[in-house]
Every structure is written in structure tokens, then in C-alpha cells.
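Residue numbers (my numbering), protein chains in the order written: chain A, 1 to 279; chain S, 1 to 279.
Think of the hints as simulated: they come from the structure by calculation, not from any bench.
There may be inaccurate statements among the hints.
Just so you know, same-sequence chains aren't split out, so a pair can sit in one copy or run between any two.
Straight-line alpha carbon distances no greater than 35 angstroms define the calculated DSBU-like cross-link-like pairs of lysine-lysine that follow [stated by the list, open to error]:
1) K98 / K178
2) K273 / K46
3) K178 / K144
4) K46 / K99
5) K120 / K46
6) K2 / K144
7) K46 / K178
8) K273 / K99
9) K154 / K276
10) K2 / K152
Number of protein chains: 2
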Amino acid sequence: MKIIRASSAGFCFGVRRAFSLAFEAADRYSPVYSLGPLIHSPQVVKRLQERGVEVVEDVDGLSEGVVIVRSHGVTAEKMEEILASAMDVVDATCPFVKKAQEYAAMLRNEGYSVVLVGEKDHPEVQGIISYAENGNVYVVADFKEASSLPRKRKMGIVAQTTQSYENLRQIVDVCLEKSLELRVFNTICDATSIRQEEARSIARRSDMVLIVGGFNSANTTRLAQICREIQPHSQHVETADQIDPEWFEGVEVLGITAGASTPAWIIDEILEKVEKLKK
Amino acid sequence: MKIIRASSAGFCFGVRRAFSLAFEAADRYSPVYSLGPLIHSPQVVKRLQERGVEVVEDVDGLSEGVVIVRSHGVTAEKMEEILASAMDVVDATCPFVKKAQEYAAMLRNEGYSVVLVGEKDHPEVQGIISYAENGNVYVVADFKEASSLPRKRKMGIVAQTTQSYENLRQIVDVCLEKSLELRVFNTICDATSIRQEEARSIARRSDMVLIVGGFNSANTTRLAQICREIQPHSQHVETADQIDPEWFEGVEVLGITAGASTPAWIIDEILEKVEKLKK
């Protein structure tokens, strides 16, 4: 059985950074809290817990130690609350998300109606729009939603970092017609599209794909969906012990990819297990 | 013979304003010069000459009186030259063109690479880009030309006021991929597209269309072309005496439209002549 491992499998830049900051904080300080699970990987969250990092939903009632803001970022209000608390802060907000937050604030301050391309309920989106509060802010998922936006003299567009470029382009098209001035910050991080593209390419060259990552990770679930459209027998797993040897009967080429929140050690464990099965 | 007269025939806002300013200046001052022919209507230019407005190519050598800047506008350099001269200035630059000049200057000052959607050799375009000089300025006629633009962090787009919206949209699409920040000022004046749309609609409901305006007027020539595509017997005329009664044999419905630089009096003269032919 030949194995093709996606070079884009696993941590993106922002997750890698958050991961390092969290483990560093765990080594240096105590107590350390993470505001929500650091990333959508139960295995990583468990390791952090073993090093003393406790998941909390809020800083209320905490009186000392360090709190980690995860890579999605938080709302401006929440950030103020944290900074006003007695806690020290390790801000692991992805720098690309931070940029989107800054652009949203800047557009609001300069009098633009802010259009955010993204999913209304996603924590990253909630964070970004909070920086444009008290202004005109609209979250649109696609060009159909954008079509019902009111006309505005000045419109400013930012995007959730994981959006597809094509979706942004279609929304820009619609907003161009609705404004006299349109200002677009392309805040899309191409890690997502590169990973999806590679998954597609690998699925086409394999008999099945193993997609590794948290079952609660949206981007991993999406990768699994993409692979299954091409190779229906593809399997989404979180850990090596979930692997069923029967899956590989008749498989000559196996693809392996992983979501942005999947640590390398889990991918390695899975590869090891698969290698053993080959013998 | 039924006659349909386009409600959009004749002067646009900017030309009407330039026309009024020029005749006012002719009434009040002497000598008065026009920097280039005021508009592309030999009949209007002739009337202005009769009132004492002389066409000059430059202010060099002029020592007193008023100089009129026509609706296309002039380059920043030329404007400085005029202001530094002994002449008084009547600035008949179309306010929409002026806006485009101001946006170009502002984008340049704020560090954007300026992309102007338009025809390189048009005096309006020459005027607008001169306000972004000493910066990165590119004139692109269509999306194909835009495709060869270099990538830039900040791109700012303005359009020649007579461009089509669809062309601007296609160029925005291309530039969105080439920049991290894209700022678009939609400086298109819809007078042109409204007039063309109405000409199309009238051509479809007529047996032939009379298109009235200077043979040297680009927008009138374009109107004639549009009408002839639908009604091949359509005729482009400058004045009533060019009308040939034989054109109307068998014509049951006659359309009439006129370019942006065609004065109402010429359209009226033509209507009068046609009405007489009906009897």
C-alpha cells in the first residue's frame, strides 16, 4: 500500500502559534486558563490540561494567573473585560484574524458601512464585527445575502479568514453596485483553500483518504466531506486507535490529510499504525 | 410618420454647465478664450466664436482676459500653468471629472497604486492621471490589460466618467486578485449608459433613427453605431440641412436621439424639418 501524506496536513500558522504560546505559558506560569478550548482538538486540550491549563468560559471570579485568548479571537468587549481583570493575558489571536479586527475598526472609524463576509455565529466573526460596533455592520454569508444590503455611499468589506476567494469576489461584485466607494481588505488566509485543494488532488490519486482531526473541528469535517465526494470510503478519525484494519482491504494507494487544528504527533501516530498494518 | 424623441437626447449635466458658463463669460468679459473647442459641436463652437470666444491651444502669449477650461478638464500641470498666467479662469471641468481627479490625487497621496479605467489618449484620462503623477499610475482599457498589472499591496481604482459599469466590474475582479487592499471609486456617470440604452430601445421600436451631433463627437458616433446595429438605415447628421427627404420613404416610425454635446436648438431644427416633410 502506497501512502501519500498531504504536505498541507495539520497546523496552520495561527494554530501553531497559539499552540506554542499555550505550552510556553503552561511551562512558565501558574495558574493558566484558556478561554474556551484552545483549538478543536480534544487531544491537544487534554495535553494542555495535563500541564495545568484549565478551560474556562469567562474570567469572572478569576483573581490571579494567566488567561489565554485562543486563535479565533474574542470580541472587543470581552478583550476589555479581560484586560480590566486581575489576570495577565496571553493573546493567541491569529495575527490574520487580528488584522481583520483592525480593518473592521478602521473602516468603522472612517465612516464606512462594514460588510463582513462570513458565518454569523462563528466566534471569529463575532469577534471581528464587535470592532465595528456602533457603526453599520452587516454579516453576509454569500452574494444572495449581499443582494439585500441597502445602498451605502461608502462600503468597506473584510472577510472571515477561512472564506473562499470566489465567495468574496461575488460579494464584491454585488457591493460595487451598491456603493460609490468600495474598499476591500482581502483578509482571507489561503491555508484553508490550499489544504482543500491538496485534499482534492490526493483523493483523486488514492483509493481512500484518512482525514485526521477533531470531530468538533469544522475545517476537518469539511476536508472529510471533500474527500468522500471523490473517494466515498474515506474515513475521518481523531486518533490511531479508531483505525479499523479492514478499511484497507484492496486499497493500493492511501491518502492522509489533517485539519488546521490537528497536531503533527497525532498524524505521526496514525502513520505508524498504518505502516504496521502493511507488514 | 410617428416620431419618438429620446428623452435623454442632448446635453448631459457637465456639458450643459460648461455651455452656460461659456455663454455667461462671453456676455460679461472680453477677451474670452476657450482652451480647445468647448465641446464637440462645431455649431456651438461657431456660436461662441460669434460672441467673441476664441479657441486657443495654449495660454502662452495671452496677457489679459478670461480662459475657459472645457468639461473634459486639463492636466494638473496645465491647470497650474493657467493659474500662474495673467489670465482669469472659468473652470468648466465637469464636476464628475473633477471628483475623479480628486480621488486619483487622494489615492496617490495615501500610497495606493492608481488604476484608471479608460482610454489612454482621451483628454479626460490624461487630466485625471496627471493628478496621480509621481506615484504608480496605470491606465487600463479592459480586464485583459488589467491582467498584466503587477501585484500591489494597495490598489485604488477610478474610472473615466463615460466608461461602462460592466467594464469597471471586470477590472475590479482582476485587481481584487492582485492586491491585499482594493479601493474603488465608482466615478462613472450614468448619462452615457442611459442614453445608449434608450437609443437601443428606440431603435427597436422604429424603422430608422436620426442621430444628431458633431461628426467629431465620440459619444454621438457610438450612438449612431448602436442604432445602425439594430436599424441599418439610421443616419448620423450634424445639422437640419443634411437631411435627405428620400431617407424617410416607407418609414412609419422615426426615432431621434442626440449626443451629449448636441444643443437642444439643433435637435429642434431637425424635428421642425422632419415635421415639414410629413405634410
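- Can you give the numbers of the hints that this structure goes against, from lowest to highest? Hint check: 6, 7, 8, 9, 10 fail, others pass.
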